[in-house]
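Novice: The chain contents come next:
Number of protein chains: 2
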Amino acid sequence: MEENRMTTSELQESIEQLVNEKRFGKIREVLTAHEPADIALFLGETDPQLLPILFRILPKELAAETFVEMDSNEQELLINAFSERELKDVVDELFVDDAVDIIEEMPANVVKRILRHTDPETRNSINEILRYPKDSAGSIMTTEYVTLRPNMTVSESFDKIRRTGVDKETIYTCYVTNQNRQLLGLVSVRDLLLSPYNTSINAIMATNIISVETLDDRENVANMFDKYDFISLPVVDKEYRLVGIVTFDDAIDVIQEEATEDIQKMSAMLPTDDNYFKTSAWKHAKNRIMWLLFLMLSATITGAIIQKYESAFTAIPILVSFIPMITGTGGNCGSQSSTMIIRGLALNEIKPRNMPKIILKELTIALICGTILSIVNGIRIFIMYQGSNPLFLSIVTGLSLIGTAIIAKMLGGTLPILAKICKLDPALMASPLITTIVDTCSVMIFFNIALWVMTWGIS
Amino acid sequence: MEENRMTTSELQESIEQLVNEKRFGKIREVLTAHEPADIALFLGETDPQLLPILFRILPKELAAETFVEMDSNEQELLINAFSERELKDVVDELFVDDAVDIIEEMPANVVKRILRHTDPETRNSINEILRYPKDSAGSIMTTEYVTLRPNMTVSESFDKIRRTGVDKETIYTCYVTNQNRQLLGLVSVRDLLLSPYNTSINAIMATNIISVETLDDRENVANMFDKYDFISLPVVDKEYRLVGIVTFDDAIDVIQEEATEDIQKMSAMLPTDDNYFKTSAWKHAKNRIMWLLFLMLSATITGAIIQKYESAFTAIPILVSFIPMITGTGGNCGSQSSTMIIRGLALNEIKPRNMPKIILKELTIALICGTILSIVNGIRIFIMYQGSNPLFLSIVTGLSLIGTAIIAKMLGGTLPILAKICKLDPALMASPLITTIVDTCSVMIFFNIALWVMTWGIS
Numbered sequence: 005m006e007e008n009r010m011t012t013s014e015l016q017e018s019i020e021q022l023v024n025e026k027r028f029g030k031i032r033e034v035l036t037a038h039e040p041a042d043i044a045l046f047l048g049e050t051d052p053q054l055l056p057i058l059f060r061i062l063p064k065e066l067a068a069e070t071f072v073e074m075d076s077n078e079q080e081l082l083i084n085a086f087s088e089r090e091l092k093d094v095v096d097e098l099f100v101d102d103a104v105d106i107i108e109e110m111p112a113n114v115v116k117r118i119l120r121h122t123d124p125e126t127r128n129s130i131n132e133i134l135r136y137p138k139d140s141a142g143s144i145m146t147t148e149y150v151t152l153r154p155n156m157t158v159s160e161s162f163d164k165i166r167r168t169g170v171d172k173e174t175i176y177t178c179y180v181t182n183q184n185r186q187l188l189g190l191v192s193v194r195d196l197l198l199s200p201y202n203t204s205i206n207a208i209m210a211t212n213i214i215s216v217e218t219l220d221d222r223e224n225v226a227n228m229f230d231k232y233d234f235i236s237l238p239v240v241d242k243e244y245r246l247v248g249i250v251t252f253d254d255a256i257d258v259i260q261e262e263a264t265e266d267i268q269k270m271s272a273m274l275p276t277d278d279n280y281f282k283t284s285a286w287k288h289a290k291n292r293i294m295w296l297l298f299l300m301l302s303a304t305i306t307g308a309i310i311q312k313y314e315s316a317f318t319a320i321p322i323l324v325s326f327i328p329m330i331t332g333t334g335g336n337c338g339s340q341s342s343t344m345i346i347r348g349l350a351l352n353e354i355k356p357r358n359m360p361k362i363i364l365k366e367l368t369i370a371l372i373c374g375t376i377l378s379i380v381n382g383i384r385i386f387i388m389y390q391g392s393n394p395l396f397l398s399i400v401t402g403l404s405l406i407g408t409a410i411i412a413k414m415l416g417g418t419l420p421i422l423a424k425i426c427k428l429d430p431a432l433m434a435s436p437l438i439t440t441i442v443d444t445c446s447v448m449i450f451f452n453i454a455l456w457v458m459t460w461g462i463s
Numbered sequence: 005m006e007e008n009r010m011t012t013s014e015l016q017e018s019i020e021q022l023v024n025e026k027r028f029g030k031i032r033e034v035l036t037a038h039e040p041a042d043i044a045l046f047l048g049e050t051d052p053q054l055l056p057i058l059f060r061i062l063p064k065e066l067a068a069e070t071f072v073e074m075d076s077n078e079q080e081l082l083i084n085a086f087s088e089r090e091l092k093d094v095v096d097e098l099f100v101d102d103a104v105d106i107i108e109e110m111p112a113n114v115v116k117r118i119l120r121h122t123d124p125e126t127r128n129s130i131n132e133i134l135r136y137p138k139d140s141a142g143s144i145m146t147t148e149y150v151t152l153r154p155n156m157t158v159s160e161s162f163d164k165i166r167r168t169g170v171d172k173e174t175i176y177t178c179y180v181t182n183q184n185r186q187l188l189g190l191v192s193v194r195d196l197l198l199s200p201y202n203t204s205i206n207a208i209m210a211t212n213i214i215s216v217e218t219l220d221d222r223e224n225v226a227n228m229f230d231k232y233d234f235i236s237l238p239v240v241d242k243e244y245r246l247v248g249i250v251t252f253d254d255a256i257d258v259i260q261e262e263a264t265e266d267i268q269k270m271s272a273m274l275p276t277d278d279n280y281f282k283t284s285a286w287k288h289a290k291n292r293i294m295w296l297l298f299l300m301l302s303a304t305i306t307g308a309i310i311q312k313y314e315s316a317f318t319a320i321p322i323l324v325s326f327i328p329m330i331t332g333t334g335g336n337c338g339s340q341s342s343t344m345i346i347r348g349l350a351l352n353e354i355k356p357r358n359m360p361k362i363i364l365k366e367l368t369i370a371l372i373c374g375t376i377l378s379i380v381n382g383i384r385i386f387i388m389y390q391g392s393n394p395l396f397l398s399i400v401t402g403l404s405l406i407g408t409a410i411i412a413k414m415l416g417g418t419l420p421i422l423a424k425i426c427k428l429d430p431a432l433m434a435s436p437l438i439t440t441i442v443d444t445c446s447v448m449i450f451f452n453i454a455l456w457v458m459t460w461g462i463s
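Chains as they are written, first to last, in this note's numbering: chain V, 5 to 463; chain U, 5 to 463.
If we strip away everything but chain V, and leave its shape as in the complex, we get:
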């Protein structure tokens, strides 16, 4: 970072002092030396009373860029403090996709005020994007892109970019369409710059275009940016008409949000991309309690099974003390496998048709891991349980560990794929649910093996 840039807390201190001294010109100078995202971060931590004052100090364009980066509650606070003139200034500078993001978070009366200040064309675009489902390509696209015609020359194209480019989200990929708005090809500014001025667009445009449809899943769209390294991706309707573009920065946001959502689902929570600190304890509890209740009640099945084998553990009480080890290992084995499969499915590296291959692989891994665990566990038992029949204990626990590892890795390897086939989110089949299911199985395996080995006459 450069010297004249400060950390958020340094900025905080210096601005507070400047506010006290009423040196607003200097505040403007200090703030404008920062990126919009950093100014938004700083404004989010200042006194809400100061927020509108500091925001008004920013130059118009920077103010709009900063506004986009703020949290929705601060945006709402500002909109309520804005005059109609100020609101129009900010709204005028917004890109359509950013306006949609803001509108989605605002209460109805604020939305009305915002829409009143947008021109009819923009309002149409906003309403169109709002109509697409939350997780679709349409919902993350923008309608501000540069279109060219195939019969234009490079120099005419540059003229058009110079004329219209300032209002477009990206100018680096231009889309070539016919009169019916159907997508014919694309040209990058790089290609334009490296071609003679009189070349026709027709001659240099790429025609093997990868595009997405408005209703495609936004996660798949984001993964295409990862795969192909595009700056933007065209969104078309059923008639192959260009209706919008998705840009790489939105794809990065989607990738981060989807990873966060998956990680939260994998830990038995309802997914949210709200800030941890700005979410109330009640809201957090609400996101967590349903899974906790469901898993708690499911765990009672394991309890009922243990109860069924009361005779076994009252005869040999030491067996009970091995339960946490067996169930814990089963849970860990299962969550390892399910994690690999869930992530592989999310990144499109694993497909449902790969299931037989996965079963074979997980079975081999289970045998290797189970055997090693049994051996180490056997050694530990012979060292620590000299007085309580180590041979019996190590045979029972060893066989149980292998059996549990196999069941756990089979369930972990297949349940996420079955979820995907049933159109459920594979991330639901992660550690907590697998652990609960495996607990039940492993306790049954353990006591049945114990009862069986007891008949050998070594207990």
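Identical copies carry no separate label here, and so any pair may be met within one copy or between two of them.
Straight line, CA to CA, 25 Å or less: simulated BS3-like cross-link-like pairs of lysine-lysine:
{"hint": "1", "residue 1": "K64", "residue 2": "K231"}
{"hint": "2", "residue 1": "K361", "residue 2": "K290"}
{"hint": "3", "residue 1": "K231", "residue 2": "K282"}
{"hint": "4", "residue 1": "K231", "residue 2": "K138"}
Just so you know, the hints here were simulated from the structure itself, not pulled from any lab data. The model shown is predicted, which means the values in this text are computed figures rather than measured ones.
With chain V held as given, fit chain U onto it using these hints.
Specialist: The following block gives chain U in isolation, referenced to the frame of chain V:
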């Protein structure tokens, strides 16, 4: 997608047929209609014998772009099949950062062959990047960027871009440096296009530059792309000399890889970004067994505690059947909290100094969740355990659930932060380790509460 594009398996079939018919011209036509990433995917699934033949059919530039997208074992297979001439053709077309990625995965003799075909300047760049630690900004940067001087005009800048741009990874952000290669500012092609030709770069360049240093953590660098929406980010040395740039596509790769690594660590595995299917069962088992062993042995502590309370559960055997519910709920509560904190730390939304706030929030959440769980559990016990003293059981399990929820959420909320403070990876403090620790605590809480409530005379 456009009509003439096929899925990998369709492509497979049609190419196989064309190979049988020896129609190589047609194969070239079919393949060149696809993106390099898709061709690489297809080649990765074809017969290794056919691989060099199909690869040779590709036009030179597309061949190099496809080569970059392939898995390292296929790259190695190809390099071994290449003549010196063919190898030089591919190497000549590689960007420096891609060359580094390939070299890092190759055995020493192949690396020597590759380096022999690079010109001295590129070889120096490659060696320089190879010197940076694996997780640093330096290791993901490229040295191919456009530099301008402050006294150039816009039209001179376009001349330079046209002259040198073809070999640069991005031309959309140009970097302005002085004679000592120190970074003075940056200019986007957008700014150039929207300015008159005779404007001097000095007048339009941005000077508040966000840059990173060569040794900065690559995850932080990637998060800056998420925050600021840059196309590229300059990498400088201690003397503020420009040594490279990181582009958004590399940032996307890092974001995906870091999310995968975190998810794997959070499920008690050594992280790897190798393909699931191309990794042998032995390698998978190796990545998983250390944590399984460690957690299995840790779980024996819980076992030992249970053994200590043998008198309690032989007196009231039904208590044993509640152990899975108590430990399971504790594990789930703990992993919910640790997940929120680990992800928040990874995205820089949570800082170690927020610990007091987090403890307070998690404590409130634990009380809310614990109380609800206790009530539901109490109702269940009164319905299902009419014959076995439901009052005693529901008090013991209810208090245990609240106590366990508090301990679990405290541990889950603080251990990842303590790990971060101790310069360990917070992702290690995820579900499996938290579950094992919480198991021990919850069993102790449960039996102590049981023994205490027994003294009330209601058992």
